[in-house]
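There are 2 protein chains.
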Amino acid sequence: LKIFKIGGSIIEDDTELNQFLEVFAQIPSPKILIHGGGKMASELSKQLNLEVKMQDGRRITDADTLKVTVMTYAGWINKNIVAKLSALNINSIGLTGADGNLILAHKRMHATIDYGFVGDVDAVNSQLLQQLLSLDLLPVIAPITHDVNGQLLNTNADTIATEVAIAMAKSDSVELFYLFDLPGLMGNLEDLNSLISTIKTNEIEALEQANIISAGMIPKVHNACQAIKKGVQKITFTNVEGLAKIINGEVAGTQITL
Amino acid sequence: LKIFKIGGSIIEDDTELNQFLEVFAQIPSPKILIHGGGKMASELSKQLNLEVKMQDGRRITDADTLKVTVMTYAGWINKNIVAKLSALNINSIGLTGADGNLILAHKRMHATIDYGFVGDVDAVNSQLLQQLLSLDLLPVIAPITHDVNGQLLNTNADTIATEVAIAMAKSDSVELFYLFDLPGLMGNLEDLNSLISTIKTNEIEALEQANIISAGMIPKVHNACQAIKKGVQKITFTNVEGLAKIINGEVAGTQITL
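Protein sequence lines correspond, in order, to chains W and A.
Numbering-wise (this note's numbering), the first sequence opens with residue 1 and increments by one.
Numbering-wise (this note's numbering), the second sequence opens with residue 259 and increments by one.
Among these hints, one or two may not hold up.
Stated by the list, open to error - Across the chosen pairs, the derived CB separations fall in these ranges: (1) W:Ser9 to A:Lys488: 44 to 50 Å; (2) A:Ser452 to W:Leu88: 52 to 58 Å; (3) W:Asn149 to A:Asp378: 35 to 41 Å; (4) W:Ile113 to A:Ala381: 28 to 34 Å; (5) A:Ser455 to W:Ile113: 54 to 60 Å; (6) A:Thr273 to W:Glu250: 38 to 44 Å; (7) W:Ser29 to A:Ser452: 43 to 49 Å.
If you're looking for bench data, these hints aren't it; they were derived computationally from the structure.
Keep in mind it's a predicted model, so treat the numbers as computed, not measured.
Heads up, the beta-carbon is just placed ideally off N, CA and C, and yes, glycines get one too.
The shape of chain W in the complex, shown without the other chains (with noise of 0.2 Å):
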């Protein structure tokens, strides 16, 4: 089973969406793709003059800001993506986190710090995934998730993608790709042929302490650490030029492992 994650400019914009799409469709199934929301919620918000508050790259969401992620991420994202695949012959279903009981989630509790209506993962339904899988239907997930209580919740795409592919781990063989605007983990950002081709998840800490990892990859990295250590097969951290090469066989990509 492989479990695609993508955000950032490949959904925000429509060509490079076309373009992975393209790729996506010629890997042979079973397949799951998660994605997050990129800025649409930010520019939405912005419309309906909202104030955008994030915190270590966690959007603050109130009731109206959980409104808007839900339009943006469960309405126009997740359903373009899946007209779109359908376009390319592959029959997806659109889901979130409340969708099935996919993905059970609380509150997040801080003590100095009121996120809002934002959702810490507590289980993943991989049954129905499993089923929907079985009737051949591709499942493309919004990071949405719920409390069973009728309370939707905004989490973290990166997460969603890294419990997800944890709870498959359990009964299948899991490669996991985490799709972003970088060729993979690079050893310095001014320098395209500083990529990181392999990384072991012990070497990680030194990396970040000498500020190889850059502080916005750092939570990436971590989640993909805990996929690892709790089964997931492989992950690859790249971009859409980097899945396109290794679907052709061709080595691209950061690929992390134990």
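Starting from the known structure of chain W, fit chain A onto it as the hints suggest.
Relative to chain W, chain A alone:
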């Protein structure tokens, strides 16, 4: 199989929605829920300074308006209902016509009016609904369709309810409920005692010509007649109070019969 279409204030007012969902939760499976968009799409359009254009009760849907309808119908309204059903111990799955290629439509062509991204239904994938029902997932359908070429389309929710009911009636005994703000079809809108309790499809035209069926109800009633003629067993127009009576074995609402 019971199919329910909700619209109007049931969707616009959270208290009414909760009241409906509590009654709905008591009705034995299998069941399918189809929702409209109420005024939320118009309100969001206004907040975003988009002009709201209607033609014969149908929304003229330019590209920006399509985005608004997908965000509100498939995003907020759909996922809010799914989360609320989960709190009532009902495992539901929110869908548009794009998901699993559920509802294939084509962009409406009209000699004089450009409706924009409005879809007329060509086919309903009843097999997918049967598969989801057999997984004990209650389908919750938003009034968005697609053309299988990557284009999402805005489709009237009454039409979707009718088409879904007709498609399911090929293999199932189907009862269709249109839930709205009135106890049923009224002989006189000023008089709540003027409820028409049963009406045959061949009596409809006479009621229309006598102006007994009001203009806003005519498309709903025509949809219902279509459904009955194409195999749907029973159609009821009522409100939440009427539905509560019906599940208690009392008589309520208007029934349309062949």
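Status of the hints after comparison with the structure:
1. W:Ser9 to A:Lys488: 44 to 50 Å: Cβ of Ser9 (chain W) to Cβ of Lys488 (chain A): about 47 Å, so the range 44 to 50 Å holds.
2. A:Ser452 to W:Leu88: 52 to 58 Å: holds (54 Å)
3. W:Asn149 to A:Asp378: 35 to 41 Å: holds (39 Å)
4. W:Ile113 to A:Ala381: 28 to 34 Å: violated (50 Å)
5. A:Ser455 to W:Ile113: 54 to 60 Å: Given about 58 Å between the Cβ atoms, the range holds.
6. A:Thr273 to W:Glu250: 38 to 44 Å: Distance hint for Thr273 (chain A), Glu250 (chain W) is violated at roughly 59 Å.
7. W:Ser29 to A:Ser452: 43 to 49 Å: violated (57 Å)
Consistency with the previously given hints fails for numbers 4, 6, 7, ordered from lowest to highest.
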